[in-house]
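S.K.: Chain by chain, the residues:
2 protein chains.
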Amino acid sequence: MPRDIQLTEKIRLLRQFWRLEHRAPTYAEMLDLFGYKSKNAVFGLLQKLEEAGYLSKDGHGRITFLPRLTGTVRILGSIAAGFPTQEEEQETEAITLDEYLVKNPDNTFMLTVRGDSMIDAGIMPGDIVLVEKGPKPNQNDIVVARVDEEWTLKYYVRDNAGVRLEPANPKYKFIRPIRSLEIGGIVRAVIRKY
Amino acid sequence: MPRDIQLTEKIRLLRQFWRLEHRAPTYAEMLDLFGYKSKNAVFGLLQKLEEAGYLSKDGHGRITFLPRLTGTVRILGSIAAGFPTQEEEQETEAITLDEYLVKNPDNTFMLTVRGDSMIDAGIMPGDIVLVEKGPKPNQNDIVVARVDEEWTLKYYVRDNAGVRLEPANPKYKFIRPIRSLEIGGIVRAVIRKY
DNA sequence: AGGATAACTGAACGTCCGTTCAGATTACAA
DNA sequence: TTGTAATCTGAACGGACGTTCAGTTATCCT
Numbered sequence: 000m001p002r003d004i005q006l007t008e009k010i011r012l013l014r015q016f017w018r019l020e021h022r023a024p025t026y027a028e029m030l031d032l033f034g035y036k037s038k039n040a041v042f043g044l045l046q047k048l049e050e051a052g053y054l055s056k057d058g059h060g061r062i063t064f065l066p067r068l069t070g071t072v073r074i075l076g077s078i079a080a081g082f083p084t085q086e087e088e089q090e091t092e093a094i095t096l097d098e099y100l101v102k103n104p105d106n107t108f109m110l111t112v113r114g115d116s117m118i119d120a121g122i123m124p125g126d127i128v129l130v131e132k133g134p135k136p137n138q139n140d141i142v143v144a145r146v147d148e149e150w151t152l153k154y155y156v157r158d159n160a161g162v163r164l165e166p167a168n169p170k171y172k173f174i175r176p177i178r179s180l181e182i183g184g185i186v187r188a189v190i191r192k193y
Numbered sequence: 000m001p002r003d004i005q006l007t008e009k010i011r012l013l014r015q016f017w018r019l020e021h022r023a024p025t026y027a028e029m030l031d032l033f034g035y036k037s038k039n040a041v042f043g044l045l046q047k048l049e050e051a052g053y054l055s056k057d058g059h060g061r062i063t064f065l066p067r068l069t070g071t072v073r074i075l076g077s078i079a080a081g082f083p084t085q086e087e088e089q090e091t092e093a094i095t096l097d098e099y100l101v102k103n104p105d106n107t108f109m110l111t112v113r114g115d116s117m118i119d120a121g122i123m124p125g126d127i128v129l130v131e132k133g134p135k136p137n138q139n140d141i142v143v144a145r146v147d148e149e150w151t152l153k154y155y156v157r158d159n160a161g162v163r164l165e166p167a168n169p170k171y172k173f174i175r176p177i178r179s180l181e182i183g184g185i186v187r188a189v190i191r192k193y
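Chains as they are written, first to last, in numbering that gives the first Met the number 0: chain D, 0 to 193; chain H, 0 to 193.
Be aware that one or more of the hints could be misleading.
Pairs count within a copy or across copies, as identical chains cannot be separated in the list.
Unchecked claim - With a cut-off of at most 20 Å between alpha-carbon atoms, the simulated PhoX-like pairs for lysine-lysine come out as follows:
no., residue 1, residue 2
1, LYS135, LYS192
2, LYS132, LYS192
3, LYS102, LYS135
4, LYS9, LYS47
To be clear, the hints were calculated from the coordinates, so they are not data collected in a lab.
No experiment lies behind these values; they were computed from the predicted model shown.
Make a model of the complete structure from these sequences and hints.
M.R.: As structure tokens, then:
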């Protein structure tokens, strides 16, 4: 199928343009991008892409790229299924990590972990945590808490005596705040980059 | 400073629009968005935002949002520094997780980890790994490898006898591939979502 | 209160954009 | 080879877009 492969290549070019410019290209730019000489050729291509679910247009013809184009990562079900071949790749759904990981962007921060107090929870020194500021923590949430003038990561546990902060490392003991307990936020995700 | 707070609110609205539409709004849309009655008011605001580094315009006046607007997560240096107050929040730099984590989007896939063979490396069952397909692994890279008809995560180690695949769990022994070694890709990041 | 500066209104302008249409070219099947 | 459908070219059109300007209103400082 030579036509489908060419379409795949055009989709790749659109993804690339999006990554560079953070917007959809205009018709004039797509002339260069695809090597067409008529805007009507672009128009036809866009119609096909719209039907295929890659983009949508509003009432004035403005283009909005859908997740299949803006997403940076293709999803594979499980590690056991193996890796996709060249043909399979194109059909797999794509996702944006930001939308996947950050539910409340206005209150979400990223910070680097120091210390090994949560190492048994798989949070190692140097890891990055996404912290949501604001909501009240639930039982066993991992929180950023201020204890003795220092900020650390701990499990948030409610018990009969009140609230205690529990590490995930047998080297350390849990902490029960005496006067005040300041919660910076709740850990929503952990990220490790190699 | 009431003016700065209002500017902050407008920036928040732009972020929100971006999140919904995945594009910059037009002048007409910004009239509604900000409650202005003249496009010139929008024009002035955009000039200030351009000078402040929130967006840029090309030769035809088209707007491109810069990372400070498109980014979903604000960066905090270290956990020890504490949490920002309302005023500090606005000045902190923002980042896009996709750009931060995915260098080569066309060849990057996301899959879920099964098994505990890499648990001492902080990779737990249920975690998500971002895998880049294609490049040759370096010493001690974590790779997705096919061994005995099954795909697993292992350290990739070159030694005098050739290549061996080493787990990060004393329960398991390393594996030395006899005939063929199939590498699905290299693990570039680990993500855990709560 | 007064005077200067910044911010906003309203209208107008030129350009670029997406769309459309007739005709040419290519691709494919019989 | 011939016929049919799909694709592309080239030109034209109307509308929306970003920009500009003169004039008004609001804001700030002394």
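S.K.: Let me make sure I understand: some of the numbered hints might not hold for this structure. Which ones are they, in numerical order?
M.R.: none
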